[in-house]
Amino acid sequence: MCVAIPGRVIKVNDDATAVVDFDGNTVTAMSGLTTVRPDDYVLVHAGCIIQVMNKKEALELKDLFSELEDM
Amino acid sequence: MDADIRTFLKEYDGPDVNIMEVCGSHTAAIAREGIRSMVSDKIHLIAGPGCPVCVTASAYIDRLIELSYIDDTTVVTFGDMIRIPGSRGSLRDAAGRGAHMAMVYSPLDMIEMAAESPEREFVFAAVGFETTAPAYALLLEQLMAKKMTNVRLLTAVKLMTPVIDWLCRKGPRIDGFIAPGHVSVITGSDAFVPAAEKFSLPFAVAGFEGEDILSAIYWLLKSKGKGRVVNLYPEAVKPEGNVIAREKLEKFFEAGNAAWRGMGTIDGSGLYLREEFSGFDAGSRGLDRDSKYNEACMCGKILAGRAEPADCPLFKGGKCTPQDPQGACMVSFEGNCYQSYINGEQR
Chain C
1 MCVAIPGRVI KVNDDATAVV DFDGNTVTAM SGLTTVRPDD YVLVHAGCII QVMNKKEALE
61 LKDLFSELED M
Chain F
1 MDADIRTFLK EYDGPDVNIM EVCGSHTAAI AREGIRSMVS DKIHLIAGPG CPVCVTASAY
61 IDRLIELSYI DDTTVVTFGD MIRIPGSRGS LRDAAGRGAH MAMVYSPLDM IEMAAESPER
121 EFVFAAVGFE TTAPAYALLL EQLMAKKMTN VRLLTAVKLM TPVIDWLCRK GPRIDGFIAP
181 GHVSVITGSD AFVPAAEKFS LPFAVAGFEG EDILSAIYWL LKSKGKGRVV NLYPEAVKPE
241 GNVIAREKLE KFFEAGNAAW RGMGTIDGSG LYLREEFSGF DAGSRGLDRD SKYNEACMCG
301 KILAGRAEPA DCPLFKGGKC TPQDPQGACM VSFEGNCYQS YINGEQR
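Heads up: the sequence lines are chains C and F, in that order. Using my numbering, the first residue of the first sequence is number 1, and each one after it goes up by one. Using my numbering, the first residue of the second sequence is number 1, and each one after it goes up by one.
It should be emphasised that the hints constitute simulated quantities derived from the structure, not laboratory data. Backbone N, C-alpha and C fix where the C-beta goes; we use that ideal spot for every residue, glycine too. Incorrect hints may appear among the rest.
Listed next, the in silico DSSO-like pairs over lysine-lysine satisfying Cα-Cα at most 30 Å (straight line) [stated by the list, open to error]:
no., chain 1, residue 1, chain 2, residue 2
1, C, K11, F, K147
2, C, K55, F, K146
3, C, K11, F, K319
4, F, K42, F, K301
5, F, K301, F, K316
6, F, K146, F, K170
7, C, K55, F, K238
8, F, K319, F, K226
9, F, K222, F, K251
10, C, K11, F, K251
11, F, K226, F, K238
12, F, K147, F, K42
13, F, K224, F, K147
14, F, K224, F, K316
15, C, K11, F, K316
16, F, K316, F, K198
17, F, K238, F, K319
18, F, K316, F, K222
Sample of chain F residues facing chain C (criterion: CB under 7 Å; computed from the structure) [as the list claims (entries may be wrong)]:
no., residue
19, D72
20, M103
21, I111
22, P134
23, N150
24, T161
25, C168
26, P239
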């Protein structure tokens, strides 16, 4: 139950919930921990959206590891 | 991933290194991706107490079962919980003897259930780490908004940083931690800085793909002996975590001592409802000591990283299986014993 699954928000409801699509399966999840918008990619855990995924933050591992080699 | 990194990990021939993961999803991913076969025999990957179902104390299960036998009470749980053995069997065993219980995917489902049956009392088995606890805060907000008084929580919420401190003092020698990815979404990667500095250990917050884990292992090897934290999962984890979630946890909960299955009571390692919300509590405060369970079961040592599943007589004797689990670590998909069993891993 430690699992969190990424999905896409397809609808934001008025009651602090949002409908999230997981490859065709849709689930209504609690959204009170984040500000979500349609098309956001989110992590859902135990029926609750715990974070909006930020793809722009993808790491440049090569750069990070180059720094390690320099230390 | 850079082929040189894979080669480095496979051909590493330096001093033996112990790396612990403390997230059930990492335990499952390491087994699923065959990570152990991709690194040198001198790199030892140790599963720690990162599966929330596995660490749930026997005394807690006993209390859930007691509550489930009350005529007008229904115990509501996530699926895995019903098979965890207490000192006198599991909730599933109790169901066959007239216990009242229901399983849900989300706390939201329980609100509907409780609204439809206002004459009944519903007790939610609120287990988990920092990842899950904010969902309980949202549940409480909804209960208060709807003025519902027939739902209470039996909490067994655990905190990751106190148990990491305990492991560094009382566990096996650890040279670095793969920090729990989903817990870190809530706590932030900065939560591990105090332990990193205190014990001069590196922590790598990591995602759940094979390359994420290999990258974390590589970074930890290169950082051995250095008290620092790296966030290799920035698409989901921020240094400060989820601030709204942390504020809600602070509003509803406070830290207290908590019992971990087979590991004893660890100071300040649990979350309990604050006094002003005690009307929603189903007796959680009295459960900070464990009760006995199967004496042959080695869950405690396995959770603390002091034994492997194959060391357990119940595991190697074939008496503990996913179909008939004798200990909590064989119940959950994220449990070390379950993963070792289904993957037939030789360590």
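Q) Straight-line Cα separation of K316/F and K198/F no greater than 30 Å? A) Judged against 30 Å, a Cα distance of about 38 Å means the pair is violated.
Q) Is it true that the CA of K55/C sits at most 30 Å from the CA of K146/F? A) Answer violated: K55/C to K146/F is near 37 Å, above 30 Å.
**Q.** chain C contact restraint on N150/F - CB to CB distance below 7 Å
**A.** violated, 20 Å
Q.
Between the alpha carbons of K146/F and K170/F, is the straight-line distance 30 Å or under?
A. With Cα atoms ~45 Å apart, K146/F and K170/F exceed 30 Å; violated.
Q: Tell me if I111/F is really an interface residue toward chain C, meaning its C-beta lies closer than 7 Å to one of theirs.
A: violated, 10 Å
Q: Starting from K147/F, check that the Cα of K42/F is at most 30 Å away, please.
A: Not OK: K147/F and K42/F at ~58 Å, beyond 30 Å, violated.
Q. With a cut-off of 7 Å, does the beta carbon of P239/F approach a beta carbon of chain C closely enough for the hint to hold?
A. With a closest approach of 11 Å, the P239/F hint is violated.
Q) Taking 30 Å as the top limit, are the C-alpha atoms of K226/F and K238/F close enough? A) Judged against 30 Å, a Cα distance of about 21 Å means the pair holds.
Q.
Quick check on M103/F please, does its C-beta sit within 7 Å of some C-beta on chain C?
A. violated, 12 Å
(Q) Just to be careful, I want the Cα atoms of K224/F and K316/F compared with a cutoff of 30 Å; is the pair within it? (A) Given that 30 Å is the threshold and the Cα spacing comes to 34 Å, the pair is violated.
Q: Would you settle whether the hint for C168/F is holds or violated, based on the nearest Cβ-Cβ distance to chain C being less than 7 Å?
A: Since the shortest Cβ distance to chain C is 21 Å, the answer is violated.
Q. For the pair supplied as a hint, K11/C and K319/F, is the alpha-carbon distance within the 30 Å limit?
A. violated, 48 Å
The structure does not agree with the numbered hints 2, 3, 6, 8, 9, 12, 13, 14, 15, 16, 17, 18, 19, 20, 21, 23, 24, 25, 26 stated previously, though it agrees with the rest.
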